[in-house]
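Taken in order, these protein sequences are the chains called A and B. Each residue of the first sequence is one higher than the last, beginning at 44 in this note's numbering. Each residue of the second sequence is one higher than the last, beginning at 1388 in this note's numbering.
Worth flagging that the hints you see were computed from the coordinates, not collected in a lab. The beta carbon of each residue, even a glycine, is placed where N, CA and C say it ideally should be. Worth double-checking, as some hints may not be accurate.
In silico BS3-like links for lysine-lysine, alpha-carbon gap of 27 angstroms or less [what the hints assert, rightly or not]:
1. B/Lys1398 with B/Lys1428
2. B/Lys1400 with B/Lys1428
3. B/Lys1407 with A/Lys183
4. A/Lys183 with B/Lys1428
5. B/Lys1400 with A/Lys183
6. B/Lys1428 with B/Lys1407
7. A/Lys183 with B/Lys1398
Partner residues aside, some chain B positions facing chain A, computed with beta carbon under 8 angstroms [said to hold, decoys possible]:
8. Met1396
9. Leu1402
10. Gln1405
11. Ala1408
12. Ala1412
13. Thr1439
14. Leu1453
15. Val1458
16. Ile1459
Spelled out from the first residue to the last, the chains are:
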Amino acid sequence: MRIGVVTFPGSLDDVDAMRAIALAGGDAVALWHGESDLRNVDAVVLPGGFSYGDYLRCGAISRFAPVMTEVVTWAGRGMPVLGICNGFQILCESHLLPGALIRNDHRTFVCRDQRLRIENNRTPWTSSYAENAEVTIVLKNGEGGFVADEPTLELLEGEGRVVARYLEVNPNGSLHDIAGITNAQGNVVGLMPHPEHAVEDLTGAGTDGLGFFRGLAMLSA
Amino acid sequence: MARYVVDVMPKRKILDPQGKAVLGALPRLGFEGVTDVRQGKRFEVEIDGDVTDDGLAEVRRMAETLLANPVIEYFTVHPDEPPVEPAETTPNVTRDDS
């Protein structure tokens, strides 16, 4: 399966995401923010980082990149899209996902090995996890507090659209301990922790993150 | 030159960590009786020509599209004094819009 990774000005984790896709058995394809060409990919990852320096609001300017017009169009047709950290922020700004990410409630950047529960394994990005699997994936963000109004939170909870939830510690003030959500169709996933940094034993806290990329690779098999 | 001001503020229900930090600092500096501080953003948008209703509507669209995120923020738009013209030619228009 061809999985594209978009590089925006200020993206940080695009290379790690491509490496994670390759390790999971996928075919990683580099995509450029300024081009409207998705290069016939089957899925897209919006990686972490600080696109446009987080100016205005995180993801607010990247949302209008030429590539995002294509991403929004194809996401509407069911193409799997995963936004990690800054990518999650871009998906919210694009209205592909509800809610928003705001500055951590404790006002400091957080970097830790985070316990998570994968509560929804019905998305293409989480299909290789057992339901309610507990995993450890590194988290690093300054503006990772997920917020939404009460009706939206009820909708997300009621429809099982909370994909991942923080365990033990709420690291950033996210409402309902939400670490990741999906859209109504279940093809677009936003995730604040970084599975692409948890794919090799040599670095990080293990390989629990590989499942996010292996799920799609298995789909194509 | 027409100048419009867009004020963007975090919604009351949304946590404002930056405002909270300022609120915490003020008493330490001896400012007493401060009960709340909210921190927002101010944009000054300059457009060719005079202040008009169309210009105001255009700036409002800018705010809706880019300057504010309605999920977490609200905004007001109003014309402001042009930066260089004398005060007597300033259009006598003040309008708040939320």
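Do the hints match the structure? See the list:
With a C-alpha separation of about 12 angstroms, the suggested pairing of B/Lys1398 with B/Lys1428 holds against the 27 angstroms cut-off. Our distance criterion of 27 angstroms between C-alpha atoms is met by B/Lys1400 and B/Lys1428, whose separation comes to about 17 angstroms. Restraint check: the Cα-Cα separation between B/Lys1407 and A/Lys183 comes to about 22 angstroms, which is no more than 27 angstroms; the hinted pair holds. Taken as a hint, the A/Lys183 and B/Lys1428 pair is honoured in the structure, with Cα atoms around 26 angstroms apart against an allowance of 27 angstroms.
A threshold of 27 angstroms between alpha carbons decides the hint, and for B/Lys1400 with A/Lys183 the separation of about 25 angstroms falls inside it, so the pair holds. Our distance criterion of 27 angstroms between C-alpha atoms is met by B/Lys1428 and B/Lys1407, whose separation comes to about 15 angstroms. Proximity of A/Lys183 to B/Lys1398 is assessed by CA-CA distance (about 26 angstroms); at most 27 angstroms being required, the pair is judged to hold. At its closest, the beta carbon of B/Met1396 sits 13 angstroms from a beta carbon of chain A; the interface hint therefore is violated under the 8 angstroms criterion.
Evaluation of the B/Leu1402 hint against chain A yields a held restraint, the C-beta minimum of about 6 angstroms falling below 8 angstroms. Taken as an interface hint, B/Gln1405 checks out: its beta carbon lies about 7 angstroms from the nearest beta carbon of chain A, inside 8 angstroms. Annotation: B/Ala1408 was flagged as interfacial toward chain A, and the flag holds, the nearest CB pair being 6 angstroms apart, inside 8 angstroms. With its C-beta approaching chain A no nearer than about 12 angstroms, B/Ala1412 sits outside the 8 angstroms limit, and its interface hint is violated.
Proximity of B/Thr1439 to chain A is violated relative to the hint, the smallest CB-CB distance being about 26 angstroms (cut-off 8 angstroms). Residue-level restraint check for B/Leu1453 holds (minimum Cβ-Cβ distance to chain A is 7 angstroms; threshold 8 angstroms). The beta carbon of B/Val1458 comes within 4 angstroms of a beta carbon in chain A, closer than 8 angstroms, and the hint placing it at the interface holds. With a least beta-carbon distance of about 5 angstroms to chain A, the hint placing B/Ile1459 at the interface is held under the 8 angstroms criterion.
Of the numbered hints listed earlier, those contradicted by the structure are 8, 12, 13.
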